[in-house]
Amino acid sequence: MAFATDLAVRRNLDPAWVRQQIGQAQRMPNIIRLMQPAPTGTPKNWAAYRARFIEPIRLRAGQRFWEDNRETLARAELEYGVPASLIVGVIGVETLYGQHTGNHRVIDALSTLAFDFPASHPRASARTEFFKSELEQFLSLSERTGTDPLSPRGSYAGAMGWPQFMPSSWVKYAIDFDGDGKVDLFDSQADVIGSVANYFKAFGWQTGMPTHYPVSFDTTKLQLDTLLAPDILPSFSVESFTAKGAVLDGPALQHPGKLALVLLENAGAAPTYVAGTENFYVVTRYNWSSYYALAVIELGEAVRSLMPAR
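Quick note: my numbering has the sequence shown finishing at residue 1002, numbered continuously throughout.
It is possible that part of the hints are untrue.
As the list claims (entries may be wrong) - Listed next, with one range per pair, are the computed distances between beta-carbon atoms:
{"#": "1", "residue 1": "S927", "residue 2": "E957", "range": "18 to 24 Å"}
{"#": "2", "residue 1": "P748", "residue 2": "D706", "range": "49 to 55 Å"}
{"#": "3", "residue 1": "P1000", "residue 2": "H813", "range": "29 to 35 Å"}
{"#": "4", "residue 1": "Q712", "residue 2": "P902", "range": "49 to 55 Å"}
{"#": "5", "residue 1": "P1000", "residue 2": "D879", "range": "25 to 31 Å"}
{"#": "6", "residue 1": "A740", "residue 2": "A818", "range": "28 to 34 Å"}
{"#": "7", "residue 1": "Q946", "residue 2": "R719", "range": "53 to 59 Å"}
{"#": "8", "residue 1": "A708", "residue 2": "L920", "range": "51 to 57 Å"}
{"#": "9", "residue 1": "T697", "residue 2": "D879", "range": "30 to 36 Å"}
{"#": "10", "residue 1": "R762", "residue 2": "D910", "range": "53 to 59 Å"}
{"#": "11", "residue 1": "H813", "residue 2": "D879", "range": "33 to 39 Å"}
{"#": "12", "residue 1": "K913", "residue 2": "F695", "range": "53 to 59 Å"}
{"#": "13", "residue 1": "R719", "residue 2": "L770", "range": "28 to 34 Å"}
Claimed, not checked - Dumping the calculated DSS-like pairs for lysine-lysine here, alpha-carbon to alpha-carbon at most 27 Å:
{"#": "14", "residue 1": "K874", "residue 2": "K736"}
{"#": "15", "residue 1": "K874", "residue 2": "K936"}
{"#": "16", "residue 1": "K893", "residue 2": "K913"}
{"#": "17", "residue 1": "K864", "residue 2": "K824"}
{"#": "18", "residue 1": "K864", "residue 2": "K874"}
Treat the hints as calculated values from the structure; they're not laboratory data. We treat Cβ as the ideally placed atom computed from N, Cα and C, and that holds for glycine.
Start from the sequences and build out the full structure, keeping to the hints where you can.
Dropping the structure here:
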């Protein structure tokens, strides 16, 4: 309640209304359990992760989505420079094209994580502050748009709609792309498409730049630890990248920007590597995971390959 009162004062909201909304939120123990970090030593497996998303049901749904929204996707690509395939990939990975948008009341999820985030988490303090901020954004957005805060449902983290935007992303990046005077990421596929494109553009998407290139290694001069040190942040010119033992060919050798060596583990098998560009890094701003980013990219490309030429 102290948080509610402080929020109301800072946001110029009715304190009684804010207290009433937060007062009706329910603590969800299952959400607290879901936020517990994975056990240490749990192996990552790119091949298994990829197989969850590049599969027949999602590919067919993606094809239908692209066919139904061909003109809107083309308009978003023209206006924002973001490929239709990337937009299609994101929506497919996030919610299977609107089929799985989450069934938790958003106010329950955000309140639970704002006030009862698991203390055992290594970043508990920072995450608690993040979810308090998202709860504030959600209530402010609800009041501004005249939406009942108890109605929207989303993920266990409070992400909403087809693109699974957190409240702060909804406020900053969601747009009215169908021109009906309101932003709707639950029922307007045009708004969903335009908002995803706007998100990537806001994070620095560069039109025409690939997201990644194939890479192999010259073991006689390979400095793998040095190449992996910056993680997925593009830090090497083509010259410095290849000088440390990375082998590129074709268009990659003419890449004008920085590159990162992206490592994707395959449990006990040999890892997968790609040379990630600044645009690969932009995709990871949607979800800070190289596994997620490559799944989104490859799903979108796989759906595009199914589309008949026009």
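So, going through the hints one by one against the coordinates:
1. Separated by about 21 Å at the C-beta atoms, S927 and E957 satisfy the suggested range of 18 to 24 Å.
2. For the pair P748 and D706, the beta carbons lie near 51 Å from each other, so the given range of 49 to 55 Å is met.
3. At roughly 48 Å, the beta carbons of P1000 and H813 sit outside the given window of 29 to 35 Å.
4. The hint said 49 to 55 Å for the Cβ distance between Q712 and P902, and at roughly 51 Å that hint holds.
5. Here the CB-CB span from P1000 to D879 is close to 28 Å, well matched to the stated 25 to 31 Å.
6. Distance hint for A740 and A818: a CB-CB separation of about 29 Å, consistent with the stated range 28 to 34 Å.
7. The given range of 53 to 59 Å is respected by Q946 and R719, whose C-beta atoms sit roughly 55 Å from each other.
8. Under the hint 51 to 57 Å, the C-beta atoms of A708 and L920, about 54 Å apart, fit the expected range.
9. A beta carbon spacing of about 34 Å between T697 and D879 agrees with the range 30 to 36 Å that was offered as a hint.
10. Distance hint check: the CB atoms of R762 and D910 are about 44 Å apart, inconsistent with the given range 53 to 59 Å.
11. For the hinted restraint 33 to 39 Å between H813 and D879, the CB-CB distance of approximately 34 Å keeps it satisfied.
12. The hint said 53 to 59 Å for the Cβ distance between K913 and F695, and at roughly 56 Å that hint holds.
13. For R719 paired with L770, a C-beta distance near 46 Å fails the hint of 28 to 34 Å.
14. A threshold of 27 Å between alpha carbons decides the hint, and for K874 with K736 the separation of about 41 Å lies outside it, so the pair is violated.
15. A distance of roughly 51 Å separates the Cα atoms of K874 and K936; the hinted pair therefore is violated under the 27 Å criterion.
16. Only pairs whose Cα atoms come within 27 Å are accepted, and K893 paired with K913 is rejected, the gap being roughly 37 Å.
17. For the given pair, K864 sits about 17 Å from K824 by alpha-carbon distance, which is consistent with the 27 Å threshold.
18. Restraint check for K864 and K874: satisfied, since their Cα atoms lie roughly 14 Å apart, inside the 27 Å limit.
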